[in-house]
Amino acid sequence: MKNHHSLPRRDFVRIASGVSLGAGLGLRPAELFASIAGPDSGDRPATEVHLSIDRRGFTVDDRHTDAPTIGGSIPGPLLRLREGQDAIIHVTNNLDEVSSIHWHGLLLPFDQDGVPGFSFEGIPPGETFTYRFPVRQAGSYWYHSHSGTQEQEGMYAPLIIDPAGEDPVRYDRDYSIVLSDWTDEDPMGMLRNLKGNGAYYNYAKRTLPQFIGGLLDNAGETIRDRTMWGEMRMDPTDIADVTGATYTYLLNGTSPAANWTGLFTPGERVRLRFVNAAAMSFFDVKIPGLRMTVVQADGQDVEPVRVDEFRIGVAETYDVVVEPVAGEVYTIFAQSMDRSGFARGTLAETEGAEGEIPAMDPRPVRTMADMPGMEDHSGHDMADMPGDHDMAGMEMEMDHAAMGHSEDTMSLRRLRYEDLQALEPNRDVREPTRDVEIQLTGDMERYFWTLNGKKLSESDPISLTVGERVRLLMTNGTMMEHPMHLHGVFMELQNGAHPAFAPRKHTVIVPPNQTVEAHLTYEDPGPWAFHCHLLFHMMTGMFARFEVAPAIAADESTQP
Amino acid sequence: MMSIRAAAALALASTILAGSAQGQEMDNMVFHFSQLEVDASRVEGSGLNRWDGSGWIGTDFDRLWWSTEGEQAGGTVGGAEVMALYGHYFRRFWDVVVGYRQDIEPTAQGYLAFGVAGLAPYWFEFGALGFISQEGKPSVRIEADTDLLLTQRLILTLGGELDWLLTDDDRLGLDSGIAEVEFGIRTRYEIRRKFAPYLDLLWVREKESPGSPDLNPVAESDLRVGIGLRLVY
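Residue numbers (the working numbering), protein chains in the order written: chain A, 1 to 560; chain B, 1 to 233.
In case anyone wonders, no lab produced these hints; they're calculated from the structure.
Honestly, I wouldn't trust all of these hints.
Stated by the list, open to error - Pairs of lysine to any residue residues, derived as SDA-like cross-links and limited to a Cα-Cα distance of at most 25 Å, are as follows:
#, chain 1, residue 1, chain 2, residue 2
1, A, K205, B, S34
2, A, K205, B, M29
3, A, K205, A, P362
4, B, K194, A, M188
5, A, K205, B, Y122
6, A, K454, B, M29
7, A, K454, A, R192
8, B, K194, B, G160
9, A, K205, A, M228
10, B, K194, B, Y233
11, A, K454, B, G160
12, B, K194, A, T248
13, A, K205, A, D174
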């Protein structure tokens, strides 16, 4: 167990050869060694796990695929680690293609992050890769393939890290709730469909009869509205690129018809650990009849917030605590943001019980405020922070102000990003000394997506240094929400909370026509991935490389 | 035919490349799209079949565009052309294109082709092409069409095309001026996105012979009614 952070020489050579093949790591070998040779962990206890990646048959209702899976199931097995221990995870790839596992949201050396082309070359067919890293955090996370379209096909699973000390969340029972979007279509075929027609899966477009109806109703407004959208060549009904036209939305790998059920005993505090492991779908989650207390976001403890509903972007996680009562059956209802379908499950005292399934809410339509450049939403304005903004396009009315005054009110309390506040203060509260501005860009018609107008393959890396305090400004110039995921560090979301209590997120939704600000400090050097977590956005170029140099190297460079 | 073989080779290469790529930088892969529409109508008592195919293969930025259109009446091909263009994405929504057009019927003739194509404001698919024939005669073609949804699957396509000879063309036997105008309303029902039967209303006028100053109906009636099928691959 000695020195298990440093790679054997042979492995290092393999990484180095990856560099020469064009991965463009940008770090000198000495720096590589510096970054991977952590302090000797001595005889710290370790959790050792064996995982295998296998192609398995999987059936949802009447549709069937042979899909790459982790451990033979979709989702893959729950991985449970403990903070302060070492994780040793042997992953054997039994596919006939290269695969990988990325530990989403975990702080670890870059060469354990599992991103082909960044961390390593991937796990070749028939080979075993052993991940070794100290577990430096607690909370609910997930893990998934970072190779090709394997994640869409079924390679995702929940990961829970129990805290070293006492858990600030009091609960009697917990369930992982993994939401996903499943299809029997070949994902590359889906991307090809979108390249041929960006609205291929949109069956809720505006029609001529609606236009005529609008003219009769308010001709001036209707013509102005249509003219604006037409001029921009943008579609207000483009809420999701891929929809229920092909997807069945799953909860823990189970279709709405098959109804996943979690049991409870009345009086228990039940912790639900939601993961959005979908490739392309945001969900609005509610459990009618149950108030949810949000206790964690992206694995990080937050001040408890009582809500009726929350939106979970692709790759985000939320932990909520609920207190179901005797004699009730509850439906966990996760409707896709575009209302083309839903995932559902049940909380009940006995197997086989079924609660009422609510009707889906009205489908949101984008408004002029979402249109890039139409209004000045130059960020920093708290009234326009993400959670609030989402409401702008929603047709359903939800009165935030009314909440908290009366439990009886009919209005739903919906989680907003401004509600999130870190439970423990952030370690680094310095003012940023470095601004990194990222424009979220793309072309819905040609169907490719970019950062600062460039695909990963065309762009230069963004160079940072360990310990450097960074202000990340993400400005969305597209018509869609993008769940932006930064590897290797938490983004402290500047949501109006005191900076010391800014919530730490690994994935942040950036709404259309808005700027979201996050502060961060890297502790680990390496090339780190930054990308939109919508799979087809990432695959077509919405991806950047953060090159984080070790602090020592920076010092050397200033003393020639 | 060359272009089809070249396209097949490119497709094969892209498959092999895609299979070997493991990094995150494979973000500019080769894709392809093909659409074929065939329809049948009756003009002056005899059957008239038309075809209109188009597609592309390439990356987001560089594509080989191909198209073919023509018609056949009573077992004889009355008009047919094929075109292959290299297109480069030069700004959002737009490609600049250059390539070659070959007319097969009624007059076999080759052309250098160049122009722009893309999505114009208000959702018009738009193309403006200039041609220089092998005899050095310039001409212009403007095409535009847009979709109007009656329902999510019942869709009207309004389209038009205009061919304009900038000088007299002896080989075609036509004087300078507008050589052909076409307007169409095509109503398709998308049983699937890739499989849609349609009803076609087409209004065509074209110049028939040298010296004729006017555009004339090609048959007794300006209007043709056809039924057809759109296939997308």
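Of the hints given before, which are not true for this structure? 2, 11 and 13
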